[in-house]
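Here are the chains, one letter per residue:
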Amino acid sequence: MGEDKPCSRMNPTHREALELPSRNPTADGNAGHNPDWTRSRGEANPAPPAGGAIRPRSAHARRYNTSPLLRSLKTACSLRGGSPAMFAELNELLNASPQRPETGKFTLLRDTRTDGSFLVHHFLSFYLRAGCKVCFVALLQSFSHYNIIAQKLGVSLTAAEERGQLVFLEGLKSCLDLWFGEQEEQSGKPSPLQFISKSTSDLKALFDFVQVSLTPASSDSWKGPVLLVDDLSVLLSLGATPVAVLDFIHYCRVVVCSQLKGNIVVLVHSNEDSEDEENELVVNSLCHHSDLILWVEGLATGFCKDVHGQIKITRRVSLELTGEQDVVQIYQYKIQDKNVTFFARGLSAAVL
Amino acid sequence: MAAAAGGAARGRGATSFQRKAAAGSRLATVAGTRPSVRHGQLLLSSGLPSLDCVLGGGIAVGTLLLIEEDKYGFYSSLLFKYFLAEGVVCGHDLFVASAKEHPDSILKELPAPLLDEQRNELGEEATAVKSEDFQDSMKIAWRYQNLPKMEASPTTSTKFGHYYDLSKTMSPELFQPIKWHSFYLPEELSLQPTVKTRSMNSAYGRLLLSIQRIISQEGFDGSDPQKKQKNILRIGIQSLGSLLWGDDICCSDTPEDIHSLTKFLYVLRGLLRKSLSACVITIPAHLIENKAIMERVTNLSDTVVGLESFIGSERETNPLYKDYHGLVHVRRIPQLNSLICDVSDMKDLAFRLKRKLFTIEDPRMDFIRSQAGEIF
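Note that the protein sequences, when read in sequence, are chains A and B. To get my numbering, take the position in the first sequence, counting from 1, and add 809. To get my numbering, take the position in the second sequence, counting from 1, and add 1.
Note that these hints are calculated values from the structure, not bench results. We treat Cβ as the ideally placed atom computed from N, Cα and C, and that holds for glycine. Be a bit skeptical, because a hint or two may be false.
Unchecked claim - Which residues of chain B face chain A? A few of them, derived with a C-beta cut under 8 angstroms, are:
#  : residue
1  : 170
2  : 172
3  : 173
4  : 195
5  : 196
6  : 268
7  : 270
8  : 271
9  : 296
10 : 300
11 : 341
12 : 348
Stated by the list, open to error - Just so you have them, the derived chain A footprint on chain B, three or more residues with Cβ under 8 angstroms:
#  : region
13 : 255-264
14 : 309-321
What the hints assert, rightly or not - DSBU-like cross-link-like pairs, simulated, lysine-lysine; straight-line CA separation at most 30 angstroms:
#  : chain 1 : residue 1 : chain 2 : residue 2
15 : B       : 72        : B       : 101
16 : A       : 982       : B       : 197
17 : A       : 1121      : B       : 292
18 : B       : 101       : A       : 1114
19 : A       : 982       : B       : 231
Make the full structure from the sequences, and use the hints.
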């Protein structure tokens, strides 16, 4: 079960192409959870490191694993039976599973020339499924936007909020209360976004909010805390200096990742020829500190109906100082109504 | 149909606007709107049916459409007037803000809507320009036979979206029942010389206060459950960011306060999301020297459309563009309540201004059709 075939370290495209396409119908039924597969991997690898390299897949796991090639051709069948839970293919690519969420990880989501917010929805529903306590700083869209999409992915944000699993900071609403509600400001708690109207440009109030929301109360039984930010570039537009933003992230990492053993997922925008130097500074700095970078780019040749873009997954193994290089994988993806399919470059369903 | 109705009922809540009087009607009861098939959100017409096609059906309620002005601001002010004229015809409330012209004079110059008989005349005039063999199958360019045609000529009658005659102005009778509010900056400055606005350009601060006051007083944010007849507020802001608003981003590479405009847009976004309103802003993007600001502004807006006119540029002599007056760049399409960001197939669009009509079309298709017509 733990045998290490030589072809497991090959280029992922070649590896998938060589695998036998055996599909086990029971594994297919619940696309999001595959207990046999994860259990077998757990036995083979007792202590997965935080920044996980590509592990050799056991023969048992390979039988249940279906190549993305075929999956992209049969997406209609894979959605039958059970609610679609987050993006199952992305979980496979990241070797992640809701049963065993990793701890102490900083994931950076980056998009260029396209919209990477589908990844935010994925991680939100992933961590809620995993039973973690989530603090979601949603700066750009309203609560109902996220709720409607999360329901398509099988998670209810209102229910999660009611049972105390989700702390949702709706940036737009909070900003309106701050801007137009003069009396409430003195009486109530300080607004987490108070840096917008005050002259101080540090994000301490926002950090205090995050810390208070994620510090576990004695009655909590959730697994590790998770901070999700959508998106960080908006803070720069609202008057925060890049140093303040980086300080905020640093403080959050200390509290959430190191002390509370949780995870952080942050979305930023970047452009290649961007003239927004402050944004580029923040993005580059965060890239150096992240354990996992998911970089979503629109195709350089323009818009295509069948391939919406390309995702580059970088596992920062070099941060573990074992002398290994970062592992980079590139896939292309297509977004559908409730799911996102990933496939090797040049092998979209439209081409095959 | 049931799915669309369910989607519409859910989609209206997407502006986090809780409709208290939800009894009875589930579909859109507000005049001049229709639910989107794609994401169930209520859509408004922008006043220009070909622009509605480009935007995926129309402007969604609760969103912001940013129009990057062309060099002399001529065509963007036409789009601005179309938006307001559509509001008059549909019976929506209007809020017009400008620092340049008094809103009264803007509203006096709205184009007149076309009635049915006049629409047929205009339709003939429009199609006479193009080749007559539209309906016949193409012999050479047969691959392009099935591409969707843009609605450029008013031959089909639509209840959503109207056509306007630019050579005539709207008659005052149409305007009588409309409730409209205006914000003219020099007037506001003289009425209230000092207003406390924190950490934002004072003109923008005043404008925000004014918009928020109208929204809450008139009950567009659902604060007045007694009001049975829901209506939409169309907000139009002209030339935001120009020097007349007291902001120097258009004349200096290192402006004094680069965050005012983006903060304004963020607070406005919050106001729009929680009310039954839609906003169109024209911005002189070509004048803003610090491109970082335009990038941030684009990220904070839902839909961004840029106009580039050929006046004075070398493209005027390009044979591909000989019938057109400028290009339309769609820079951003909103992603609302769904994972998919539906980008229109046609990305290279051009506009032309005929004597009475302003249309947005795909120039390549017309070029191909005209070339095919010439061969035979």
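Structure-based check of each hint:
1. 170: For residue 170(B), the interface hint is violated, since the closest Cβ of chain A sits about 37 angstroms away, which is over 8 angstroms.
2. 172: Residue 172(B) check fails; min Cβ-Cβ to chain A is 38 angstroms, beyond 8 angstroms.
3. 173: With Cβ-Cβ at 35 angstroms, over 8 angstroms, it is violated.
4. 195: This hint is violated: residue 195(B) lies away from chain A, its Cβ roughly 17 angstroms from the closest one there, beyond 8 angstroms.
5. 196: violated (13 angstroms)
6. 268: OK, holds: residue 268(B) within 8 angstroms of chain A, min 5 angstroms.
7. 270: Holds - the Cβ of residue 270(B) comes within 8 angstroms of chain A, reaching about 6 angstroms at its closest.
8. 271: Constraint on residue 271(B) satisfied, holds at 4 angstroms.
9. 296: holds (5 angstroms)
10. 300: This hint holds: residue 300(B) lies near chain A, its Cβ roughly 6 angstroms from the closest one there, short of 8 angstroms.
11. 341: OK, holds: residue 341(B) within 8 angstroms of chain A, min 5 angstroms.
12. 348: Cβ of residue 348(B) sits 6 angstroms from chain A, so the hint holds.
13. 255-264: This one holds; 3 residues, not fewer than the three required, reach chain A with a Cβ under 8 angstroms.
14. 309-321: violated (count 0)
15. 72(B) <-> 101(B): holds (16 angstroms)
16. 982(A) <-> 197(B): At roughly 22 angstroms apart (the allowed maximum being 30 angstroms), residue 197(B) and residue 982(A) satisfy the hint.
17. 1121(A) <-> 292(B): holds (27 angstroms)
18. 101(B) <-> 1114(A): With a Cα-Cα distance of about 42 angstroms, the restraint between residue 101(B) and residue 1114(A) is violated, given a limit of 30 angstroms.
19. 982(A) <-> 231(B): holds (22 angstroms)
Violated hints, listed in ascending order, are 1, 2, 3, 4, 5, 14, 18; each of the other numbered hints is respected by the structure.
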